[in-house]
Amino acid sequence: MAYLHEETISSDLRFIGRIFTVEATEVQLPDGRRSRREIVHHPGGACVLALDDEQDIYLVRQYRVGSQSPLREVPAGKLENEESPLLCARRELMEEAGLIADSWQLLTQFYPSPGYTDELISVYLATKLSKGKQQLDEGEFLTVEKLPLLAAVEEVKSGQISDGKTIIAILMTAYLQAKGEL
Numbered sequence: 001m002a003y004l005h006e007e008t009i010s011s012d013l014r015f016i017g018r019i020f021t022v023e024a025t026e027v028q029l030p031d032g033r034r035s036r037r038e039i040v041h042h043p044g045g046a047c048v049l050a051l052d053d054e055q056d057i058y059l060v061r062q063y064r065v066g067s068q069s070p071l072r073e074v075p076a077g078k079l080e081n082e083e084s085p086l087l088c089a090r091r092e093l094m095e096e097a098g099l100i101a102d103s104w105q106l107l108t109q110f111y112p113s114p115g116y117t118d119e120l121i122s123v124y125l126a127t128k129l130s131k132g133k134q135q136l137d138e139g140e141f142l143t144v145e146k147l148p149l150l151a152a153v154e155e156v157k158s159g160q161i162s163d164g165k166t167i168i169a170i171l172m173t174a175y176l177q178a179k180g181e182l
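Taking our numbering, I'd label the letters of the sequence shown as residues 1 to 182.
By construction, these hints were calculated from the structure, which means they are not laboratory data.
All C-beta atoms in this analysis are idealised placements derived from N, C-alpha and C, irrespective of residue type, glycine included.
Please note that the accuracy of each hint is not assured.
[As the list claims (entries may be wrong)] Label-pair distances were calculated between CB atoms; the ranges are:
id: 1; residue 1: E6; residue 2: S162; range: 29 to 39 angstroms
id: 2; residue 1: P148; residue 2: S35; range: 21 to 31 angstroms
id: 3; residue 1: A151; residue 2: T25; range: 36 to 46 angstroms
[Claimed, not checked] Cross-link-like lysine-lysine pairs, in silico, DSS-like; alpha carbons within 25 angstroms at most:
id: 4; residue 1: K179; residue 2: K131
id: 5; residue 1: K179; residue 2: K78
id: 6; residue 1: K157; residue 2: K133
id: 7; residue 1: K165; residue 2: K179
Working from the sequences, and respecting the hints, build out all of it.
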């Protein structure tokens with residue numbers, strides 16, 4: 001599939017932020033022409049759908065500057081200091097929802113927007129839950145909400161839940177449940 005490859009000719013780091021960097025590159029296209037690309041380099045992230053024995057899930061509601069509104073999401077965060085996605089998911093579940101899980105399953109990994117970022121998000125399902133102590137990061141404000149998995153599927157369908165990683169986690173979990181694999 002060499003005809004789908006772009007060769008990087010040059011690159012220039014344009015921005016270094018707290019969470020990501022931005023690089024401008026010049027590439028050679030498969031037909032020999034040149035084009036410019038901008039890429040957001042991100043360390044990656046992990047998210048977790050916590051499912052209890054009653055088939056209820058735990059979401060967090062927090063304000064998101066990108067949407068200019070509060071969104072309901074699965075607990076999630078960026079990978080810190082070369083930690084594994086599973087350790088990140090465990091940490092975020094405790095920090096944001098105050099929950100500990102004894103059973104973990106990787107549901108999938110996905111690129112949320114591969115046209116401009118290399119961010120890869122790992123999606124986990126956590127079960128066999130117990131209460132821990134919520135430990136929010138400085139400047140983090142959120143509430144924890146519990147709802148039945150099937151109600152969450154309906155809220156995805158109606159557009160009430162609109163965060164991409166949360167939609168993937170809910171629908172993957174509902175799919176596995178429908179197949180009898182949970």
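query = Does 36 to 46 angstroms hold as the CB distance between A151 and T25, or does it fail?
reply = 45 angstroms, holds
key: Given hint K133 paired with K157 - CA-CA distance at most 25 angstroms   = Given that 25 angstroms is the threshold and the Cα spacing comes to 32 angstroms, the pair is violated.
message = 29 to 39 angstroms was suggested as the range; check whether the CB atoms of E6 and S162 agree with it.
response = 32 angstroms, holds
inquiry  = Please verify whether K179 and K131 have alpha carbons no more than 25 angstroms apart.
reply    = Roughly 29 angstroms between the alpha carbons, so the hint for K179 and K131 is violated.
query = When you take the CB atoms of P148 and S35, is the distance between them in 21 to 31 angstroms?
reply = Given a distance of about 48 angstroms, which is not inside 21 to 31 angstroms, the answer is violated.
task = Below or equal to 25 angstroms on CA atoms is what counts here, so check K179 against K78.
result = 31 angstroms, violated
inquiry  = Between the alpha carbons of K165 and K179, is the straight-line distance 25 angstroms or under?
reply    = Cα-Cα ~21 angstroms, so holds.
In terms of the numbered hints stated before, the structure departs from hints 2, 4, 5 and 6, listed from lowest to highest.
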